[in-house]
Structures are given as structure tokens and as C-alpha cells.
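Next come the chains, spelled out residue by residue.
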Amino acid sequence: QDADRDLRIVVAEEVDLLEPCMATQSTIGAVLLQNISETLTYLDVRGESELTPKLAESWTQNDDGSWRFNLRQGVTFSDGSAFDAADVKHSFDRMMSDQIVCEAKRYFGGMEVQATVVDDHTIDFTADPAQPIMPLLLSLMAIVPSETPIEFTREPVGTGPYVLSDWTPGQQIVLSARDDYWGDAPAVTSATWLFRSDPAVRAAMIQTGEADIAPSIAVLDATNPETDFSYLDSETIYILLDDAVAPTNDVRVRQAMNMAIDREAFIGTLLPQDALLATSLFPPSTLGWNPDVAVTPYDPEGAIALLEDARADGVAVDTQMTLLARTANFPNIVEVMEALQQMLQEVGLTVDLRFLEVAEYQRIFKKPFPTEMGSVLFTAMHDNSKGDPSFTMFFKYASEGPQSGTDDPKVDQLIEDASAATDDDRARLWSELQAYLHDELYADVPLFHTVGYARVAPQIDWRPTIATTSMLPLGEIGFK
Amino acid sequence: MTHDPDIIPAEPGTLTRFRRMLMADKFALAAVIFLTIVVLMAILGPMLLDASAQRQNLRGRNAPPFDLDQGWLMILGADALGRPLLSRIVVAAQNTIMVAAGAVVFSALTGTLLGLLAGYSGPRTSQVILRMADVIMSFPSLLLAVIVLYVLGPSVVNLIIVLAITRIPVYLRTTRAEVLEIRERMFVQAAQVMGASRWRIAMRHILPVVFPTLMTIATLDFAFVMLAESALSFLGIGIQPPDITWGLMISQGRQYLTTAWWLSFWPGLAIILTTLSLNLLSNWLRIALDPTQRWRLEMKGRRS
Amino acid sequence: MSSFIRKRAFASLISLIGLVVIVFFLSRLTGDPTDLFLPIEAPEEMRQQFRELNGLNDPLLVQFWNYLGDIVRLDFGVSLRRAQPAIDVVLPAFLWTLQLAAITMALVTGAAIVVGSLAAFRVGGIFDRIASLTSLIGASAPDFWVAIVAIVVFAVGLGWLPTSGTGTVWHWILPVGVLFIRPFGLIVQVVRGSMISALSSGYVKTARAKGVKSRAIIFVHALRNAMLPVITVIGDQAAALLNGAVIVETIFGFPGVGKLMIDSVLQRDFNVVLATIMITALAIFIMNLLIDLTYALLDPRIRY
Amino acid sequence: MTDHLLEIRNLSVEFHTAAGTVHAVRDVSFHLDRGETLAILGESGSGKSVSASAIMNLIDMPPGRITSGQVLFGGRDLLHLSDEARRDINGSQIAMIFQDPLSHLNPVYDVGWQIAETMIVHGTPRAKANSEALRLVTRVGIPNPEGALRKYPHEFSGGQRQRLMIAMALAMKPDLLIADEPTTALDVTVQAEVLSLLHELQQETGMGVLIITHDLGVVAEIADRVVVMNAGEIVEAGITREVYHNATHPYTRKLIGAAPGKGRMHQPGAEAEPVLQVRDVVKDYAGFRALDGVSFDLMAGQTLAVVGESGSGKSTLARILLRLDEANSGTALWKGRDLFTMPPSELFKIRRDLQMVFQDPTQSLNPRMSVYQLISEAWAIHPDILPRAQWKARVAQLLQQVGLRPDMANRYPHQFSGGQRQRIAIARALALEPKLIVCDEAVSALDVSVQAQVIALLDDLRKTMGIAFIFIAHDLPVVRDFADHVMVMQKGRVVELGTVQQVFDAPQQPYTQALLAAGLDPDPDVQTQRREARLALAGA
Ligand SMILES: Nc1ncnc2c1ncn2[C@@H]1O[C@H](COP(=O)(O)OP(=O)(O)OP(=O)(O)O)[C@@H](O)[C@H]1O
Ligand SMILES: Nc1ncnc2c1ncn2[C@@H]1O[C@H](COP(=O)(O)OP(=O)(O)OP(=O)(O)O)[C@@H](O)[C@H]1O
Ligand SMILES: [Mg+2]
Ligand SMILES: [Mg+2]
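Residue numbers (our numbering), protein chains in the order written: chain A, 1 to 480; chain B, 1001 to 1304; chain C, 2001 to 2304; chain D, 3001 to 3540.
Honestly, the hints are just simulated from the structure, not real lab data. Note that the structure is predicted; figures quoted are calculated from it, not measured. Heads up, some of the hints might be wrong.
Dumping the calculated SDA-like pairs for lysine to any residue here, alpha-carbon to alpha-carbon at most 20 Å [stated by the list, open to error]: (1) C:K2205 - D:K3491; (2) A:K410 - A:A398; (3) C:K2007 - B:I1129; (4) D:K3151 - D:R3368; (5) C:K2213 - D:N3057; (6) C:K2205 - D:S3082; (7) D:K3173 - D:T3205; (8) D:K3392 - D:R3368; (9) A:K89 - A:S26; (10) C:K2205 - D:N3057; (11) C:K2213 - D:L3079; (12) B:K1026 - C:R2122.
Next comes chain A alone, as it looks inside the complex (with noise of 0.2 Å):
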């Protein structure tokens, strides 16, 4: 009986290193996060996509601002030394130091931010400008103990239920349960990591019982209703449009673009039954998202009459374009991408596709983007599962942001109102800007939210979130 309480996770990516500060990295962060190192606040996804207490008990926005967080007693390390101010304090430094690079710290880019210790049990953020989000923020800084020298480690310590007790470059992690854990003893007693790219390996080595949960398999293999289930992973495909060069400056064009494009035939057939269409690089359950905002309908006429239109204009309409994309950045997009192209060029634009390798790709892919290949219209999946359009707006629209093809003054200044901006407020202001990108500037081309497929194997109780591709609470999983 105890045998059935370890539990074989089978992911597709090695984990190179187990560092708390490089958590926000998705590999990294579903092994870590919450199983070995916790953080202050968590957005719980499960229910109604809210910020829970972890570490800290409660928090409150001062009058200046800032916010102060009240921490959690009795909670020890898995060393043994005991939780608070201090360690909360030292974790955030430490992301912040420039003695390592910590992936967390772009997080809290643009703006001076200050954790001073109350007491023992209270710290307080101070933000310049001031943070609406902040508590959302910190759900995304591990808690490490104020021992932690200031550089990477890969013997992890946390408050977690959980502790690193095998790690095999290459084979496997293993975690274990820890017995003075502060909150409820998990059902899961230990739990391995076993890496394998092949998203066809991955789904029969649940069904040869090698492995208890798949997080990620191919669309193609998930043909058991019983054991697979899809998810929503948080992943935004979309076409980025350069409004600085021809012929993507003209608003004609871009909508054009947008009308050539006929979603829906994908569903179901190179992409997922279930991948949403999308009107915003930011999923559905994101504060703010704008419901009434409608997928631009497919109209290849429409979009043949407006660049005819355009073109009397005298807009560069035949200027060569070129269509750039990630290899394997998802599935299917060699195919996915020969089919936007077709349609791109059934309306007579001029379109070149070129896949490119990963590091040449995030080389070029910022501003200023580059001039040699014509317009370039960036292929690109966005990452936004943390629950507020801030994550993405600025870097994708602002005219400052190093990935926006958008220079608009309206847009700019949205931006800064919704971020300064709390509540009900905050959640309008983003829903405006949603609404103008997409119906009219035609920003760029949102095309879909995609879905993973788990495979979870039938003994075990446990469903994937929009947050599993990011993390994998221990806790949450448990048997029949």
C-alpha cells in the first residue's frame, strides 16, 4: 500500500538546476514551487482565480502604498531553522542581488522596490511607483532561508512539505515528504521526476504503469477519455505586427491581416478540439480580460478589398514580408505555419516564411527588430498565466516595450493608468485597452490560446490546471 503513495511525474524537459530565485521558470518552478519552496501569497486557479495565503497570513496596502505582509508562525525550513522576516527579507535581496542573475527579477523591472522587516512576523514592500499587484507579485519569489549564501545552489531548502532527497543529472529528481511541515501532510509521500522528450514515450509509460502523470502529451495520443484530460496552458499564439515599417504601418493592412486568417479551420485540426481562439495575448482568466471583444470574423474578400483600398492609397502593399517563427516552438508549426502563410498570401500579400533556431530567434526578436528581411512578422507564443494583463501589455504594446510593434500615445497611456490602478478600475482600464488594440489598431494578430493534454493514470486523483505547466503542488494530488 505504501508503494502506491510514490508518485512518477514524467515531464518532457530536463531540469538543469533546482534553484528558488529561477522558480519562474517553468521546469524549474514544477518541481519546486510549493513542494519544496514556498512563497508568500499563491493564485489558486482551481477556484475562482484568487491570491490565497501561504507564508504570509494576511496582507494590507498601506496609505503610502506600500504593502505590509503579516507571516505565518510556527513554520520551520527544512533544515530546521525557523520562518520569518528576515528569511523573507533575505530571499528578496537575493533575487534582486547583482551577484546572480535571478530569472524572478524581471518581475519587479521598472520600479525600485524596498522589503523592510517590522518585526519578526511583519514585512513591509515599498515600491517605486507604487504596486497595485504587489501581493500577486510575490507569489512568484520563493522563500529561501536567510542562510542561503548568495549564490545558484542546487540543494534546495524551503518550507515545503517536501524535500530534495535524489537528484540524478539526466534520470531522475526524487522528493520526499518531509514530517514537520506546517500545513496538512500531503497524500503523496515521495514523488519522482523522470524526464523524456518524446511526447509519445511520455503517454505509454502511463499506460505501462512506468509513470503515475504525464503533464504534457501530444494532442495526437490523447485518445482515452478516462486518462487524459486537456487544459488551457496559459500559451497565447499571435502574430507581432511592426507598425514603424510598410506596409504593417497601415491600419488597413493589419486588419486586413487579421481578417485573411480563418481560425477556426485550425481547431481540431492542426491545433487542439479545445484551443480557444483569442482576441488577447493573455488567457480568459485574467483580470480585465474583455468578453465582448469578438474574433475578427474571416473575410477574405474584406481583407482583398482593404488592401486594394490601401494600395490606392499608395501603401506599400506588395512590400515583401517576411513570416518568422521558432522551430518547434509548439506543436505541428511547421504546418500551422505554411498554412498562415497560404492564407496571408491568398490575399495578396507578399509573404516569406522562415523558421529560425532558438537562439537566433530571441536575438532578434526585440527591439529594434531587424530591417534585412523586409516587414518581419514575428510568429510568437506568450506566457501569461499570472492573472493580470500587466505581465503582457507593456512589454507587447507600449511604445517603449522591447517586443511592441505599437507606438500609440492612447495605448501608452492606458498602460500607465491600468498599472498605477486598483480593483475594478484596473480590470476596466485593461478591458479598454484589450478592446482598442484588437478592434482598432489591429495591434497584431491574436490567433490562439492553446491546450495541453495530461495524462493521469487511472489510480491517481488529480486534474492539470492552467498553472500546470508552471507548477505541480504536490499536494494537490491524491489516490483513488
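Since chain A is already given, all that's left is putting chains B, C and D with the ligands on it; use the hints.
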């Protein structure tokens, strides 16, 4: 058969002789026919079928083979974008053969020449060549591809170069190993005594002995290169969709292996059959070129 | 002999240094690891900080100088990705690959020599036809086909073997089996070709006149004479395996050096790339040295 | 009838070639009894080796085909035995010495292993086989037998290899020994030893010997009966004496009449210019001195015969003069310039002037080239000799001059007999119209009539074109007929050097004397007398 013993009888032309020997080996004959078809496909295919190979039809995606309702082009089924696999295989032949033949011929030629040089020159030159081969041999092809991609930019020629370079050492080392032994044979020394140049000895006396082995390796390298090419296309070097090769078709069909086997099966079969044909042909050539073995073909020709 | 080895070791050392220099500089032309290490949304200050911390801002020559200094102290640097000495990453992976390659090549060599020799013994016979055809089809079939089909059949369908991973002997069967196929096909053909010539030579007649059994004629008299190209090609195939059996490693979740290499190249984890190359290169150099010694051992006419 | 040890009945063998069928052996019948020695004489290419191979079941079929006949051995037809049964007989009851030892020894195994293997496959324990191998190698007169066992075939001289083959064949003391030209590469003293070894064994075990030879002296010495073959057929058979004295068939008579050693000896004029001056040549092979201070002069248009012990360094000398091996020290001035220090470019230019006919003709012909290609390669390399249009005619002419038919030009080396190959090699050397030809046992595989024709040709060329020859040979009568000067070698040294008359009529050195004394006479009667005298001497 009577002839005047005092004159050298005229030989039937080389072509006639080889034709007869080819007729005598049914396998080789079939191979030649198949290869001719492939070459024709490579030359004419893109002209004839390019349009149908590119016409997408998402409704008819992954259409199964042997269903003639959609027209004869659909006999092999359709790919994930509903394009007829038959047209695509025909059209892809050009790029496939160009890249594979380019890479194999280039590596075999370079490797063989360097091998002859290494086997037949002073110890210093030979050392340099061989250590270079060592280096190439331990140079991972993927890294090479990425480097070439970045330094020289993507193109079909660069793809061929990358594929070729990594295969040079096997020809080089094989040739050189054989030369080490063959150069000790008496007939090589006899040629030396006649004043034959090193070049002539290498070409006329040594190469013919090594040639069949090199052919064997080269024919199998064909398959290897066709498959490896798709792996490099993945990096963005060389052939890019919507251009197509058999290797790319296979790798695109990979995920459908268990649900729509035909996507990667037919191009795979094309590669297998091409390799097989080349190999049967090289085995035939091995015998046809070896006077002490040639009777195997000549006798059969006579009997049938 | 020992002076030959000493000279050779020295030459190989120079090659190794050359290899390091080439890889060091060329790989750095292939882009900045910063773009890969940090997400696309990371601000420029963070990128700058990353470059600073990892010495990527230094002039290339300074970087190289530092690297050389470390290498001399046998410090291969730290993996960017893993925050761990590169050598600790590479060595275990290399040992896995080494075992895999050794086991596979041992089996391939044995089987291919037997099958190829028997095929050559009766050229055109039924055994020859079947052996050649099957080995060739195997050798030109895409390896992931074979791998996936093998998993579907033996692991999922029959449940005889585990799908993937390591641990027991059973885990080795599928990877070794899949890796076996291509070198087997190639070497069978090389053995066969080489043996056809060897079996028609005078000393084989002598052996028959002595009353030597067919088996001994094939495997003792002819085989040793036919071995030069064979071991060369075996060496080539072994090197290919040492350089990484990527497909097999990825599909079967085998923690070898091939996948590590691919990942590190794609991630521009230069220290790991360099360490991997140095270790595999060392292995390949040693192997080639052994092969060259084997030439002399097999054929007394070859002297160095 | 059936109590013959071996009986061949109506054997016919043909070969398929691209140009048509070659009838190599036609309806041949003969027999051999226990303890008897049967010699097969005959024209080069008349089917002797093929017949022997047929007995051993070594003809490659196809392309060869035994169209009719039986080979009865101990009452069983060898042509219809199972492979298994054949294997038991081969090597143990019937053994064969091949005509061409170099290509019939496995180059990658040491000779000790190869000799012992014969015994091991027939059930002798390894240790015993090894000691027996040592004994055999000692018996056939290989120097330093222990060391020799661990050497490889290419490290031996032609004659030594031939003796190793003999040792291998005798290992199991077979009932029937088929010896295809077993002594062509042996000097007369060693030849005498080998023949007496055969004789002894014959006495001891009643072994039947089927010997194929061109050397009428050898026939006279050991054959009880002779069979004469011509063009694939037996033209004459009988007791040796009878055939020698009362040959009926014109071919046989021609053969006997052509026996060398009866002509006038050359009288070289002293005024000739030396073209080649060799001084103090030394060659070491890993601790073994193969040549030890060899010096001689060669005049233009003259023939220097080199005779001497097998293994005395004759072939080594030839190879060194042609720069196929490097001398350790010494000089060889060719028209005043030293061949040994010549840079490759210069060497290249004089290559065509110096030609060589190798001791092992099979190995020296590229098996992938037809005779036409082999000979015309000379002109492909040196296009100034002959315009391409005349190649065919010239090849035909050369083939005829060496006694081959031009219609053989499209055949490949493996389709020829040993003697025919040797003639192809000669034709090739002549094609270059050189100034010097080194003939290493160039006529040893030719029957005396063809030999006479070839020697006459060479002599003619010497006179008309002024070609000089270094003529390495064991066959003293041929040397006597053809040479101007004779150099006698022993253990890497020149022991005697003089005009042919000096050496043959008044040999100074004991070794030369022994050599001349050991010569065999083609007349069986004379030879019987000599043998008796020798035996008497040995008995006394
Ligand atoms: N494989 C073959 N193919 C065609 N012809 C062959 C083949 N082998 C031998 N012959 C021919 O058969 C004839 C007899 O050859 P064989 O070797 O028996 O001659 P031989 O009497 O031994 O001559 P020699 O004294 O020169 O050795 C020759 O004319 C030769 O050209
Ligand atoms: N490659 C070699 N390595 C070692 N020893 C060799 C080598 N070649 C020849 N020898 C030895 O050198 C000696 C002379 O050989 P060579 O071939 O010159 O003799 P030869 O006078 O031509 O004898 P034969 O009349 O038997 O052909 C022999 O004892 C032989 O064993
Ligand atoms: Mg013969
Ligand atoms: Mg000799």
C-alpha cells in the same frame, strides 16, 4: 566463336557489355529502373506537380491512402495540410536528391582524395591529414551546423557542406587504410617501375580496389544524409518549408506515426527504396568492375 | 611501436588543442547565451548583469586566455545552465554513452562479421539476398520509426520490456537494439564486399587444398585479410555513437552525452560544449590510435 | 585396373570468358601408382595446372566447368565426393604444391602457423604440429628455422616461399603429392635437396608424386613416367627414358630438342662502356643482412647473369636497383649518376630506361586490367613512345613475340597460366623499350621451347637495340646460353664474377663448383648415372 588469332579482337563497346551485365542481374536492373524514375522525378517533378503539392486543404487533412475518390494524386493519402503525399514525394525528390547527392559526392570525393594522399605521401602530410580527420570526426555535426548557420548564413549549399564535412573522415580513413596495404602489392610496384606517376598509380591501380568499398559506404550514406538533413533543417539551415524534402516529410509525419502512419511511411519508403537501389547497383558494379568476378554476370547473361 | 604511440599522442594533443581553439572561437560566433538564459521579457539591465557575471563582456581573447588557464588546471569551467562544474555534468553522461556505444558496437561487430562473411561465401545465394535486403532496409529506415515502433510493440503491446529509462538490463535492450541497426547494415555490406575479394584469392585455394573447413576458411583465412576496411568503418560508426546517439537518447530517456551536447549547443552553454567535445574527442583519438595499431596487427605488411 | 593410386579418365575442363569458351583441358587420361613419380611436361598454357586443380577440386565452378571425366583416387571418384569427404582427403591424403607460392600463402599469418594448420585440421595436437613444422622447415633448408616460423610470407625470398609450400604439402605425409613446378625458384643445390627429400618420402611412405615441370633435368632425375601435354591434350606418354630417346610426337621432339645449355657461349668484348656501376651495396632487414657489399659493372648491350643460392639476395638487389627498396649504403651509377640518391623527379625521368620482370608474375600484374591495358599502360605513361593509333598493333606484335596469341589481349591475368603471365610481364617490360631490363626468374615458368623463343627474342633485342640485361636465374643451362658475364651470389655476397666462359669452364669458388656440379642433365640416362655416382659417393 571463331576469330583470327593474330589480331586483337574488337571488344564489344563498354556500354554494350555493361548493358548485358545489367540485364543479367534482375535486382540491379530493377534498381536502375527505380533510380531512373527518381531522377526523372527530381528533374521534372517540381515542374509538373508543384501546384498540387502546395495546395492545402485542411478539410482533407491526413486523408488515408488508397482512396481514389479524391483523384489519383491522393493514392498515397494526404498530409496534415491535406496536400497529396504523392505529389509531395515527387516534388520533394529534387531537393532531396540534390542535397543527398551533393553531400555524398562531395564528402566521398574529398575523403577519397585526402585518403589517397594520406596513404601515399610522406609521414608528415599523412599525419596532418589524419589528425585533421580526427578533429572532424570528433566535431559534432550539430555544432558545425549551428556555426555554419551563424557564420555563413543558411543556404542549401551550406547545408550540403555541413553534411559533407562530417562524412569525410570515413572515406578518408577507409581509403587510407586500404592504400597502406595495396601500395605494398607487387603490381603497384610494377607500375612504379614503369614510371607511373603517383597520381596515376593512385587512380589506376589503387582506387579501383578501394572503390567498391567506398561505393558501399556512400550508398548507405545516402540514407543517412537524407535523414540527417531534416534534423538540420530543424535548426533553420538549408531546406525550409514550404520547400520540402523526404527527410522533412518524415520528420513532420513523426508525430502521426501511431495515428496516420502514411505521412512518414511513404517518404521513408522512398528513402529506403532509393538506398536499396543504390546499394544493389553498387553491389552489381562491384562485380561488374572486377574481372575475376565478372563471370557471375556474363554467364547468367549467356544462359538466359 | 612505442615511439609511434608517443609521436601519435603528441600529434593528437596538438589536434586537441586545435579543436579547442576552433570550437571556442567559432561557437562564440553563434550567438549570446544571454538571450537564451533569460526570458525574452527580461530587461536590458539584467542581460547586462548576466553578461558581466559570466565574463561574456570581456574581449574574446581575454575569455580564451582565462579558459586556457583554467584548462591547464583541469578546470573545465562551470555550466551556465546548471550552476555546476561542466566536467561533473559531462563525465557521467559520457560514461553512459561509452557503455552504450561499446555494447552496441561489440554486438554489431560480431553479428555483422558473421552475417557479411556468410553472405559473401555464396554470392547471390538465398542467404546473401535475405541478409543484404533486411540489413539494408534496417540501415536506411529512419531510426525514430524503429524506436517508436519498438516501444509500441515490445513495451506497450507485449509488455516485455520497459519503454525507456535506465536501471535494469532490460532497459538496455531497446536502445541497443535500435542503435544496432544502422551500423549493422553498413558493416554487413562492407564485410560482404571485402570478403568477396578475399575469398577468391590464392591462399583460400591453398586452405581448401589443405582440407581446412569452410568455417575456418571464411573466418580465419579470408576474414583477417578482409578486415582493414571493416575496422575502419566500425571505427567510424563507433565514433558516431560516441558523438551521441541523439535520437535514441532522447526517445529512450537515456542520460547520454548526445542529448547533453545538443542541449548545450542550443543553449550556448559553451563550457559544457567544450568539455563534451574534449572528452569525446579524446575517446575518438584513442580509438583511432587503437584502430591504426590494429591495422598493423592484422596485416604484417603494414608498418608505421 | 582400379588399383592405381590415381587415375584420371577423359578429363575435360573449360572456362567461360567474355570472349568465348576456353577449352583448357581436353579428354585427358593418365594414371599414377603408389611410389611412382609421374611428370607432366608440356607447353606453357597447355592445361597442366588446370588438370592438377581439377584433381584437387580447386577449379572455380563457374566460370570453370568440368565437362567430362573422372578422377579416381582409392577407387572413389573425387569429382563426386561430398565436401566433408573431400576435406578429409585434401591435405592429408592428397597434397598440392602450387605453382605460384606468393599468392598462395596467406599474407597475414606467419608461416609457422600456416604449416602447422595443415596438421591441426587433420587432428594433430597443436604442440606436435608446431614441432613438426619446425622440423619440416629445417628439412627444406630454410635458414634459421625457429625465426623463420614466425616470419610472414613477404619476408622470404621466392625460393624460400616455394620451399615453405613444399613443407606445408609434405606435412601430413600424403599418399599423393601434386607438385606444380615446385623447383622453378630453387637453385640447383637446393633443388637437389628438395628432390631427394621427395624421393626419401616416397621410399618411406610409398607416396605417389605427380610433378609438373618444365625442367627436363628434373624429369630425368626423378620421373618414372612422363606425360606430355600440348594445347590441352596429352600427346605422348610413357617411361621417361623411352620418351626422351624415342619421342614420337613432333611436339615432344621439339621440346627435347629445345633443351638449353648446348649452344655456344657468349664472348663479350671488353671495349663496351659500363652503363651501370654498382658499388658496395648493403641492405639490412631488421637485423638481417640481405646484401653485403655487392659491386659489379654492367656494360651496355650485355647480359649479366646473377645466379646463386636461393635467398642470397638476388631479388633484393634487383629491387634496390629499381629503388623499390632503399639500400642502406652503397652507390649505383647509371650513366654516371647515382640511382640511390637521385631525387624523385629525376628518377622519374629515367624510370622508363630501367625495367624489371618480377619473380612472381601473378602478383605483378594488376588483376583488374586486361592484357591489352597492362601492356599499353607503358605508352599511356610515356606517350612519346608510341602514338595511340598504333597501340593495338604493337600489343599484338609483342604478344606474338613472347609466344602468346594476340586474341588473348582482352583476357585478364587470372585467366592465364603461370607461364603465360610471365610472358605478359616480359611483353610489358619490352613495351617501354628500356635500356636495361632486370629479369628476375623471367623464364623459369616457361617450357623449354617457349623459353628458347623468348631467350632468342631477348638476345635479339640485346643485339639490335643495345638493351642490357641483369638476368637472375637458377637455370644454369639458360644462363650459359644467354649471359655474357656471370655473378655468383651467396649469403648476400658476390662470391664470383666473370665472363660466362670463365665461370662455367673454370669455376674458382667451391660454391660455384658445387653449383655447377649439381646441375641436372635432361638425358635420363646421364642423370641416372650421375645419381648412382652420387649415391655411391654418399655411401662411401
Ligand atoms: N580462369 C580461367 N579462365 C580462362 N582461361 C583459363 C583460366 N585458367 C586457365 N585458363 C587457360 O587454360 C589454359 C591452361 O592453363 P594452365 O594453367 O593449366 O596451364 P599450364 O599448363 O599450367 O601452363 P604453365 O606451364 O604456363 O603454368 C591456358 O591457356 C589458360 O589461358
Ligand atoms: N621484407 C623482408 N623482410 C625481411 N627479410 C627479407 C625481406 N625480403 C627478403 N628478405 C630476406 O632477404 C633474403 C634475400 O631475399 P631475396 O628475395 O633477395 O633472395 P633471392 O636471392 O632472390 O632468392 P630466391 O632465389 O629464392 O628468390 C632472404 O633471406 C629473405 O628471407
Ligand atoms: Mg601452370
Ligand atoms: Mg628472388
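Each hint, compared with the structure:
For the suggested pair K2205 of chain C and K3491 of chain D, the alpha carbons sit about 33 Å apart, so the restraint of at most 20 Å is broken. Between K410 of chain A and A398 of chain A, the direct Cα distance comes to roughly 10 Å. Compliance with the 20 Å bound is thereby established for this hinted pair. For the proposed pair K2007 of chain C and I1129 of chain B, the alpha carbon gap of about 15 Å is at most 20 Å, so the pair holds. Straight-line distance between C-alpha atoms of K3151 of chain D and R3368 of chain D comes to about 29 Å, which puts the hinted pair past the 20 Å bound.
Between K2213 of chain C and N3057 of chain D, the direct Cα distance comes to roughly 14 Å. Compliance with the 20 Å bound is thereby established for this hinted pair. A distance of roughly 17 Å separates the Cα atoms of K2205 of chain C and S3082 of chain D; the hinted pair therefore holds under the 20 Å criterion. Note on K3173 of chain D and T3205 of chain D: the hinted pairing holds, with a Cα-Cα distance of about 7 Å set against a maximum of 20 Å. For the hint pairing K3392 of chain D with R3368 of chain D, the CA-to-CA distance comes to about 19 Å; that is within 20 Å, so the pair holds.
Between K89 of chain A and S26 of chain A the CA atoms are separated by roughly 24 Å; this puts the pair beyond 20 Å, and the hint is violated. Between the alpha carbons of K2205 of chain C and N3057 of chain D the distance comes to roughly 10 Å, so the proposed pair stays at or under 20 Å and holds. Using a Cα cut-off of 20 Å, the hinted pair K2213 of chain C and L3079 of chain D holds, with the two alpha carbons roughly 18 Å apart. A distance of roughly 17 Å separates the Cα atoms of K1026 of chain B and R2122 of chain C; the hinted pair therefore holds under the 20 Å criterion.
The structure is inconsistent with the numbered hints 1, 4, 9, although it conforms to all the rest.
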